[in-house]
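Once you've looked at the hints, dock chain B against the given chain A.
Protein chains in written order, with my numbering: chain A, 1 to 152; chain B, 1 to 392.
Be aware that one or more of the hints could be misleading.
[Unchecked claim] Covered stretches of chain A, as calculated for chain B (at least 3 residues, CB under 8 Å):
id	region
1	55-63
2	92-103
3	106-117
[To be verified] Pulled a few chain B residues facing chain A out of the computed Cβ check, cut under 10 Å:
id	residue
4	S87
5	T99
6	A182
Just so you know, the hints here were simulated from the structure itself, not pulled from any lab data.
Beta carbons: idealized from backbone N, C-alpha and C, even for Gly.
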Amino acid sequence: MSRYVPLRWISLASALVFGVLLFAEAAVAQDANVVFVVLRAADGTSVPSPVLRRMLRGYQSSWPSGARTRVVLPGQESQSYEIIARSVFETSGRGMTRHWLQAVFSGRALAPTFVSSDEEVIAQVQALESAVGVIASPPSNLPEGLMVVQLD
Amino acid sequence: MREAIAMNSVNRKNGEVNVMQERPRFIRTSVRALLAAVCLGGGVVDVSAAEDDRKADWNFFTHAEGRVNALHELQGKRNYAELGESSLVLTGSVHKNLTFLFEGAYQPKRYRAETLTVERWQLQRRILPNHVLKIGKSHTPVSYWNTNYFHGRFFYPTSDRPLSADKIIPMHDNAIGLSGHAIGQRGFFYELELGSGQASENGFFKDGVESSTVLGGFQSVAGNVTSLGWHRNRQHVVGETHDFGHPNQHHHSHDHDDHDDHAMHAGMAMPSQFEVIDILTASSFQTRGRVTFLTELALSAGSNDTENNKAAFQYVGYQYTDTLTPYVFADWLSTDRGNTFKRGIESKLGVGVNIHMGTAAIVKLELLRHRDGSLADTRSGIGAVVQVSVAL
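Okay, chain A solo, but in the shape it has when bound (with noise of 0.2 Å):
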């Protein structure tokens, strides 16, 4: 190995690199959908959209009650994992999950409960104590004790 690596391949390979950025696939900025939590009646009828946004995300643990919050969230099977993803993380499925992974390694927040469809979500929240999850249209016919809110 000599000394100094030659200009020449530095150039080489700048140029491999934002060549490949050029012919990459398309750009993921898409519009972002309404999008709907699911939440149990009894957790709190008047939680704002920044909470449900922090508790989505994994950045706040307990409800304003002082319930620890369950997280349900539609898995890469699910039809509403890419528009979940874009309208509660700004990002794609994969980087949602990337998100939570991170989470989960740094210890701040236990991993949430990935299901493959709306109505997993639903059946989910009523299942778990204190859970909440997101879908992407509301339901026609929403389980007793279950409210939904459009997140803002």
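This is chain B only, laid out in the frame that chain A set:
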């Protein structure tokens, strides 16, 4: 307090380590009370357990990398490719207000003395909404990098830590602490810790409380973070360190990563002196559309007018696509009259790209200009890094 610290140093030199007798009684009492609170419960939140309160998850992380750098020749090192640390991370809860975390790491014998290490373990007891008591071994929570990325190459925005995290800020501490987050509309958060000190990384309060950490800041709904931190370590090692390979054996050497750090704890002799070191940090993590900024600043000062170090790190990444994030970074470290470091300036200026391969793998390609002023020959050299990190 300064006198007490000075007395500690004298006693250590004389082989009379008896720090606990010199510590104020209330500190010992406070630590024991916190320990009891964490272990036994308490606080105002409900402690009843239900079946769905018990859960556990695991993740596996590993990485491999190759580095070439013209400076290696000057430093007497070789360019290399190696398998990095492989970590198993277990997290979960045993009831709704008691959670745990464990991280064990493996690296083959050819790369470091200890093949298996416990990098982190922690019990967290929620005592109030958004407030937890913590006990265990973790990364010193005094900067954004240290509280978010830990050992995880998978999460690093660049291929390596900033020089401040590498050479100024102690990596681990065995500690007990209190933290809070999402407080108020601005998302105030804090970390308060009393620790065992840097030289007691593998001993839990064996010399009493030897380190203190305070971190405070704000985290927006979008995740943007601004924080200030202070860390005092009364067991900062000075003196005869040149026999241990890298002079900074208690931090993570960026070129050989964890090797020196773990080698130090694998039974090598301890240097003869300790001093108090104070570290101030400022961190900012901001995302504006597709652009991410990460700034890390650090200052340190030793009690004997040593370790007067300064460091600054700036990263800017642009999310071009979901897969590609090109980035640039600048890293600068100035050491002045240091006993652990040689005087001089070390700097890096780099450009790279993060290539996300699904959710499980990331490839980093990086070119950098590296100047290492801690050596007599301060010429700069061009380096290149290829790093593959995997998360399962």
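Hints, verified against the model:
1. 55-63: Held - the region 55-63 of chain A has 6 residues with a Cβ nearer than 8 Å to chain B, which meets the minimum of three.
2. 92-103: It holds: at least three residues are needed, and the region 92-103 of chain A offers 7 whose Cβ sits within less than 8 Å of chain B.
3. 106-117: Held - the region 106-117 of chain A has 5 residues with a Cβ nearer than 8 Å to chain B, which meets the minimum of three.
4. S87: 9 Å, holds
5. T99: 6 Å, holds
6. A182: 4 Å, holds
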